[in-house]
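> Hey, can you work out the whole structure from these sequences and the hints?
Residue numbers (numbering that gives the first Met the number 0), protein chains in the order written: chain A, 0 to 100; chain B, 0 to 382.
None of these hints come from the bench; they were simulated from the model. All residues carry an ideal CB built from backbone N, CA and C; glycine is no exception. Incorrect hints may appear among the rest.
[Unchecked claim] Taking lysine to any residue and the SDA-like style, the derived pairs with C-alpha atoms no more than 25 Å apart in a straight line are: (1) B:K350 x A:V65; (2) B:K239 x A:R79; (3) B:K239 x A:G69; (4) B:K303 x A:L20; (5) B:K239 x B:S369; (6) B:K35 x A:R79; (7) A:K96 x B:A34; (8) A:K96 x B:K35; (9) B:K220 x B:S141; (10) B:K119 x A:A24; (11) B:K239 x A:E84; (12) A:K85 x A:P22; (13) B:K119 x A:L95; (14) B:K35 x A:P47.
[Unchecked claim] Output of the computed footprint for chain B on chain A, the stretches with three or more beta carbons under 8 Å from beta carbons of chain B: (15) 28–40; (16) 43–49.
[Claimed, not checked] To give an idea of the chain B side of the interface with chain A (calculated C-beta under 7 Å), a few residues: (17) S59; (18) R77; (19) P236; (20) V237; (21) Y238; (22) K239; (23) P302.
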Amino acid sequence: MRNLLALLLLTGAAHSGEPALDPTALTRLVHQDCGSCHGLTLKGGLGPDIRPETIEHYDAEVLTTVILDGIPDTAMPPWRPLITEKEAAWIADYLLKGDTQ
Amino acid sequence: MKTLISTFALAATLGTTAIAETIATGDLGLIIERAKGSVLLIDQSERASLARIEGLGDLSHASMVYSPDERFAYVFGRDGGLTKVDIVERKIANRVVQGGNSIGGAISDDGKLVAVSNYKPGGVRVFDADTLEMVADIPTGSKTIGLVDAPGRRFVFTMWDTGETWIADMSGEGAPAITKIPEMGENPYDALVTGNGRTYITGLFGEDGLTALDLWQDNPKPIRVLPNYGRGQKDMPVYKMPHLEGWALTGAEFVLPAVGHHEVLWIDANTLEETGRTKTYSQPVFAMARPDGRQVWVNFAHPKNDTIQVIDTVSKEIIHEFKPGPAVLHMEFTSRGHEIWVSVRDENKVKVYDTHTFDLLREIEADSPSGIFFTARAHRTGL
Chain A
0 MRNLLALLLL
10 TGAAHSGEPA
20 LDPTALTRLV
30 HQDCGSCHGL
40 TLKGGLGPDI
50 RPETIEHYDA
60 EVLTTVILDG
70 IPDTAMPPWR
80 PLITEKEAAW
90 IADYLLKGDT
100 Q
Chain B
0 MKTLISTFAL
10 AATLGTTAIA
20 ETIATGDLGL
30 IIERAKGSVL
40 LIDQSERASL
50 ARIEGLGDLS
60 HASMVYSPDE
70 RFAYVFGRDG
80 GLTKVDIVER
90 KIANRVVQGG
100 NSIGGAISDD
110 GKLVAVSNYK
120 PGGVRVFDAD
130 TLEMVADIPT
140 GSKTIGLVDA
150 PGRRFVFTMW
160 DTGETWIADM
170 SGEGAPAITK
180 IPEMGENPYD
190 ALVTGNGRTY
200 ITGLFGEDGL
210 TALDLWQDNP
220 KPIRVLPNYG
230 RGQKDMPVYK
240 MPHLEGWALT
250 GAEFVLPAVG
260 HHEVLWIDAN
270 TLEETGRTKT
280 YSQPVFAMAR
290 PDGRQVWVNF
300 AHPKNDTIQV
310 IDTVSKEIIH
320 EFKPGPAVLH
330 MEFTSRGHEI
340 WVSVRDENKV
350 KVYDTHTFDL
360 LREIEADSPS
370 GIFFTARAHR
380 TGL
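Below is the structure:
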């Protein structure tokens, strides 16, 4: 019964407020769309290398801000119009963890 | 005697086979399958895929050029791989990894040299088209973009970081003769050369405008084109850089994608003055003219990359808009323009449309398709 309640709460949470994170879609976004500048394997292109060994000295919060607001006077655009803060935080974490191949 | 008969039989068989296997390549092409590291051999007339050739490495943002005989494709991969594909024997003929991070290439007018531009190490490397042995290394100290061929065994390319364009003349013996043109503008992101090899135009990311060079001059000087074209407008985020490879010359005008503004720009081909603008659905990536110049087809950056708009070049108005599917990455016209092939990456399909009726004619399965390249490019400068 308690399990059922937890399950209901969990399901309820997922359906209210912000949409649930979709790791498959976000992973695809990182490689295909971030990848159009940073490379499909994220080793860099017109944009810099963003593999974990290159960006490990950044805090996740800093990366999240860069993703959301871009870097002025560079080609890095703000992604805030397209993704949520939670999604940006997920991407920052994903990039730092290095499961990017 | 028995042996003699066998020999005769063998000769007869070989003779017949040799004739039967004559393969005409003029209506063939290759499609980049970017995630899989393969290319798909396609037949334009049959609207069909014939074979998959694998083992080309990281093909994100890959492009290619063709040998003059339309037998070999030189595929430029993101991982620095330069792969020579034999489309007659449907196999890789040769492959070298020439740099760490490359972006595109070109083939000389005589078909003897293949040049590759690299982000890392920044510069251009030139290879013997036959053997893929390196014949020249031209470091530029910058991410190098917009590499094209120009008449007279020359290559022209531009530096993202330093804003210079260099012309490498390979017509003489020994090292290439380099002409450097500084002050092309801030952060050039791509460039094109017109079909007659005269005008080289680079698009700028760091400022509004484009910069042209007249390659018929001995010492070309930068010519500003549409400086401050976005003046008074707020720049919108650019989620994918436009491409200028598919330059669009429609009669007397060029059509080019704006950067940070949702429009295409019309420029008089002779005076390089603006002749108009057409508002588009989103940030254009490719603006490609049908070979007869009557239409321009435009695709768009993420997240609006499911749509194509078709512009009539006489009225400069959008005459057709449709959604081929998720992630339309590239378009290639047949050489006379009666059909267009469209890669729809996230649907794993290439779709073929009639450019007069806009009817969908065929869908072809492909794995994350991006660039589509017909062999007819072999005979065009700058492609």
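> Hint by hint, say whether it matches the structure.
Hints and how they fare:
1. B:K350 x A:V65: It is violated: about 37 Å lies between the C-alpha atoms, which goes past 25 Å.
2. B:K239 x A:R79: holds (16 Å)
3. B:K239 x A:G69: The hint holds at about 14 Å.
4. B:K303 x A:L20: holds (21 Å)
5. B:K239 x B:S369: The given pair, whose Cα atoms are some 14 Å apart, holds under the 25 Å limit.
6. B:K35 x A:R79: Since the Cα atoms of K35 (chain B) and R79 (chain A) sit roughly 31 Å apart, the hinted pair is violated (cutoff 25 Å).
7. A:K96 x B:A34: holds (22 Å)
8. A:K96 x B:K35: holds (24 Å)
9. B:K220 x B:S141: holds (21 Å)
10. B:K119 x A:A24: This hinted pair is violated, its Cα atoms lying about 30 Å apart.
11. B:K239 x A:E84: Holds, because 21 Å separates the two Cα atoms, which is no more than 25 Å.
12. A:K85 x A:P22: holds (12 Å)
13. B:K119 x A:L95: Distance of about 23 Å is within 25 Å: holds.
14. B:K35 x A:P47: holds (23 Å)
15. 28–40: holds (count 8)
16. 43–49: holds (count 3)
17. S59: Holds, about 3 Å.
18. R77: holds (6 Å)
19. P236: holds (4 Å)
20. V237: holds (6 Å)
21. Y238: Check passed: Cβ of Y238 (chain B) comes within 6 Å of chain A, closer than 7 Å.
22. K239: K239 (chain B) check passes; min Cβ-Cβ to chain A is 5 Å, inside 7 Å.
23. P302: holds (6 Å)
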